[in-house]
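Engineer: So the chains spell out like this:
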Amino acid sequence: MRSFRGGVHPPDMKHLSADAPIEVLAAPEQLVVPLSQHIGAPARPIVQAGDDVRVGQLIGEASGFVSAAVHSPVSGKVKAVTRTRHPLGNTVDALLIENDGQDRMAERVGEDNPNWRDVSPRDIVDTAMKAGIVGMGGATFPTHVKLSPPESKHIDTVILNAAECEPYLTCDYRLLLERTEDVIEGLKLLVRALTPPDAPPNRVSGIIAVEANKKDVFLKLQDMLQDKTNLLARLMPVKYPQGAEKQLIKTVLNREVPPQSQRGLPMDVGVVVQNVGTALALYEAVRFNKPLYERVLTVSGDAIDTPGNLLVRVGTSTEHVLKARGITDSASVVISGGPMMGIALSRLSTPVNKGTSGLLALSSSENWETMPCISCGACVRHCPMQLIPSKFSTLGDVGRYDETEHWNVIDCIECGVCTYVCPSRRPIVQHVKIGKAVVVPLMRARAEELRRQQEKEHG
Amino acid sequence: MCPVLPVTVAASAGGYTLFGVLVMLVIGAVLGLVLFAASRFFKTDVDERVEKILDVLPNVNCGACGFGGCAAYAEAVVYKGSACSLCAPGGADVECRIAEIMGASVGDREPLVAVVHCGGGTRSAHSAAGYYGIASCRAASVPGLNSPKACVFGCLGMGDCVAACKFDAMVMGDDGLPLVIESNCVACGACVRACPRNIIQLHPLKSFVHVYCINTDKGRDVRKACDIGCIACMKCEKICPVDAIHVINNVAVIDYDKCISCGKCVKECPQGIIVNMRKTRKEIDRLRQPVPGGTS
Amino acid sequence: MQYVKLVIAAVFVSNFVLAQFLGLCPFIGVSKKTSSAVGMGIAVIFVMTLASFVTYLVYWKLLYMPLGIGVDARDYLNIVVFIVVIASLVQFVEMVLQKSMPALYRALGIYLPLITTNCAVLGVAQLNISRFGSGGFAAGLLGATLNGFASGLGFTLALLLMSAIRERLDEADVPLPFRGVPIAFVVASALALAFLGFSGMA
Amino acid sequence: MPPDLQVSVSPHIRSQETVPRIMWTVAGALVPAGLVGLYVFGWRILVVVSLSVLSCIVTEAASLRARKLPLARLRDGSAVVTGVLLAFVLPPHAAWYVPVVGGMVAIGLAKQLFGGLGHNVFNPALIGRAFLQFAFPLQLNHAEWPYLIRRPLLEIFRGDVASADAIAGATPLAVLKDAPGEVFSGGWSFWDLFSGYMPGCIGETSSVAIILGGALLIALGYVNWRLPVAYLAALVAGVLLFPVAGADGALRAGLPAIFDGTYPWQNLAVHVFSGGLMLGAFFMITDMVTSPMTSRGQVIYGVIGGIMVALIRLYGGYPEGVCYSILIANGFRPMIDRFTMPPRVFGQRDIAAGGTS
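Chains as they are written, first to last, in this note's numbering: chain R, 1 to 459; chain D, 1001 to 1296; chain C, 2001 to 2202; chain W, 3001 to 3357.
Source of the hints: derived by calculation from the structure; they are not laboratory data. Be aware that one or more of the hints could be misleading.
Stated by the list, open to error - Beta-carbon label-pair distances, calculated as ranges:
id, chain 1, residue 1, chain 2, residue 2, range
1, D, A1135, W, R3065, 18 to 26 Å
2, R, D402, C, G2180, 14 to 22 Å
3, R, R263, W, R3065, 49 to 57 Å
4, D, L1054, W, P3343, 34 to 42 Å
5, R, S120, D, R1220, 48 to 56 Å
6, W, A3066, D, A1135, 19 to 27 Å
7, C, P2113, D, G1020, 23 to 31 Å
8, D, A1135, R, N90, 21 to 29 Å
9, D, K1267, R, E29, 41 to 49 Å
10, R, N367, W, P3343, 26 to 34 Å
11, W, P3343, D, K1267, 57 to 65 Å
12, W, A3066, R, H9, 40 to 48 Å
Backbone N, C-alpha and C fix where the C-beta goes; we use that ideal spot for every residue, glycine too.
Let the sequences and hints guide you as you build the complete structure.
Structural biologist: Structure follows, in structure tokens:
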């Protein structure tokens, strides 16, 4: 099986939660629903303290095109507009909602929309926007933006990313296993949304890419998609970061997305990548016009008594979710997301949001002593973006972060492979983040300078 | 070059010097002509300001300015716009003269000093989590890393400002907060740029009352993060006789043009976060004196 | 065939910088950045080759043969004449560079005129005289020029190695008192130690 | 609820690979060569090895304390590896001060002065060896190097190496240098050469043991096989291709001689299997810190080293060129890295070509 160059094989630890079917976690009394759970401008609250809300009712409208709507996960009363911690570390505006426990549905939410199959591509994109659907693989990029590429870019493939290459995480696997038909319907909707009106139906093909450690799902998908002309399942080798967009496209279609310096995006090579959860959410939104206010995530780790996969309402606090599965005192690190790219939380009050694919509690302590780089070349061999990671850390040690631009630091996807394999335990990803924080303003200033000069010449 | 040059003359002892002079004359003349022709042929025009700056510079070619020599530095100032103040041996007057040649004016402005607007040291600010990673403030405030300190605005105390200061005007206090040694501080702004949380600002040297907090959260959240943070109780705003202090976005901010450093707000503030620097200056100078055996 | 051996000898065995320790000041001065090192290397090769050619010519045609001044005394003018010739050559190169490659000219800065006083260039001129005196004039001239070129090549090789090493050392945690030039000298001595392996070569 | 949590930038898990593990594995891979040395030269080599390792550790500790760095860095085992490698390139009869001074120079001058582990440009053990070559020429270039002949295993610890039945003989390379004709007249066969039963330095003699250790490192992925192969191939090519003055003074390359069958195979065998070549190829030149990162760079690096050995051995004054060739290759390494590791990025090839994996 072909794959991208580089990458690494961490122990996948999926056995802890792979066989646990998805359970519903009851919503707590109080939920803090963040207004910015997506890439783009935060949503504007349209309810005040004291308003009564129902499940699925719009409580924050998208401000601008690259933004996403936010809906109430429970029915009850809005207590206040407060601020809360975002996993990324910054604090964001949020709505504190008191749950009355009755789960009163907003109107038309949950009703089966009879002619959902022949909805026009335009309506699919509108539904995605109204339902606040965002990429659920962790990037949380608003789906309606991805589904409306500019005319110049013609899309020929939609890839459903079922790689789930992060260790411990099994939520996509369980979704695929238990709700295979709905995910396939979701993929069909995605394909139809991206098929230009004048083109023949099977111009855009849909591929569900699964890693080889989830063979049962792959076989099930294969026989369900036999008769479909433009839909197929593809098996991929087990390797981290197989699920990263550029690496996924390289493995599945052997195309390479151009680098950041040329503002490369998957649509430049005619591809749109979506997460399995996103496809399912789109299906539920189009058919049952159910907005995105809950998602499946994996709770696992060696400091969790009973690891499992839970359907959790957005806004539930991390503490509530972890307590539901029994967190032991040996936990020293709580991670939102996977162990390779996830974020270590300092406060368990941080609420679950649309992009939280996992909550892990690990007991391994993180005090690896950093040693000097012995230029063993492991990071250079394993880097999936074929960069020279050791350069970022050696330049970082002497504070010359501005020179990392020359070594393409902005193209780093921060997958963590270099830091994982480094025998000297050097925090290369942290050096990259600092490098980007130094280089991006420099590039912006230079572009600004260039633009002002051109204006002076033509002005 | 006729080979018949009087060999006999060369043979006599006196002839060596005469002969040597003769040969040098010939070679010097020939090469001089060649170079003259070449300089005409390879004429390049040079910005005359480079010559002027070169005259001003001490022409010691010491390289302290970071360039290969005085000529390289002169060209760097003219072509690349490098700073006028890099000539160490030249000092201030060379800097002024270069600035005049380059047309920039070096006006004298009111002396400023750096102030660290955070009082939440290890004794009063709460820690949120153990931090593992590169020991620098900039590293500890990258996106995707939760703040190790409960207060997401406060000083992380990892000394980026102390490292950035080239005039030894910053020293790390024992409670994990940087202290500004005002006599050394030339307000160059290096620390202001170095602090990733923008806690350090430049204020007039003459005013010595400062608010040591920039936490814009509401009072309830501030208390959770730090014992002495500004809880926006507005008392200072009411007491101030010259209306120089206002609570903007949940934190008290001083307008240094109006402030007369009367210190009324210092006594009024329940959190004690507004501090009269006069008495602490003595303490800082004490800290600056090299304690025998101690390291700053 | 012995020309190949002459080149190998000049580049490796009796490398001007690492074996004969000539031309150390530009070797340390310019090796801070590889770009300026390349420029300096080319300039030195050009000057050394030309200088060898011209000085050998001047010596045999002008100073020694026609005037027939006493055998032992004929060398007293060498140093003076060679320096003048080399100085004018460097001046010529400087003008050419300023015109054609101003960026390189500015990068080299003070070190380009410094080639005049560079002992390597004067050294090669002197060496040529003593080594290629015996054979015929034409063979000697070719040998001298080739030796000049090879020595220039050896100098440039050492300079490039040094500049690459120093750029790597800029990222190293060298103890404070040794940063910059001191560590450059330590590296130069280590390189010399390595090149000593070639001593004794025929 | 758990006490204060820990935060750090992702990733939060690491592989098993650590620097101490690599260093101790390399030390382990050197053991076979050491055992053969012990058998051939007797217990005295233990004295030399321990002195060398001790000197390295003490020097590293002293310089770490001088630089106010945590002494815990000694645990990474790199000083021990340097000590063992240095001892392996010393003659068995070396006086006590030779390994001690060698260790001080290797760690103090070649490693700590450059900034400690990972920053040194030259292989510390070889800088030590080259320094000793000129500091104590008598010790290292001794013509007659003692070794024992066919001793039963149990008698390793009987008496000093210079005892009666120690046969002194010039190292094969020295013989090759002075009298290329009778290489194998000194009483040992090709197998002695290969197994290491001949005069030479402590850990260099046995090619079998070294290849065994090297294979282990290659299997574990700490050494890229291309580097030793390139180094050895370049040497063989150099030895065959460079013209050598034959008995009649005419310069003839070795290669044509192979075809008309007159080429003395023993010379090639001696070149490859004796002296420090094997130890250099598998342990010295492959030292991670001083070798290039990419495999393309390592091939060029190995070829340069191989050519240098050939040049020194064929034309130079010393019979043994490995130490200098690797030091010169170390000098070339930063330049090689500069040209074989340009800033590159995934997807740089144009979109149309699609590019292959």
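Engineer: Indicate, hint by hint, whether the structure satisfies it.
Structural biologist: Structure-based check of all given hints:
| no. | hint | result |
| --- | --- | --- |
| 1 | A1135(D) with R3065(W): 18 to 26 Å | holds (21 Å) |
| 2 | D402(R) with G2180(C): 14 to 22 Å | holds (21 Å) |
| 3 | R263(R) with R3065(W): 49 to 57 Å | holds (52 Å) |
| 4 | L1054(D) with P3343(W): 34 to 42 Å | holds (37 Å) |
| 5 | S120(R) with R1220(D): 48 to 56 Å | holds (49 Å) |
| 6 | A3066(W) with A1135(D): 19 to 27 Å | holds (22 Å) |
| 7 | P2113(C) with G1020(D): 23 to 31 Å | holds (26 Å) |
| 8 | A1135(D) with N90(R): 21 to 29 Å | holds (22 Å) |
| 9 | K1267(D) with E29(R): 41 to 49 Å | holds (44 Å) |
| 10 | N367(R) with P3343(W): 26 to 34 Å | holds (33 Å) |
| 11 | P3343(W) with K1267(D): 57 to 65 Å | holds (60 Å) |
| 12 | A3066(W) with H9(R): 40 to 48 Å | holds (42 Å) |
Hint check: no violations occur; every hint is consistent with the structure.
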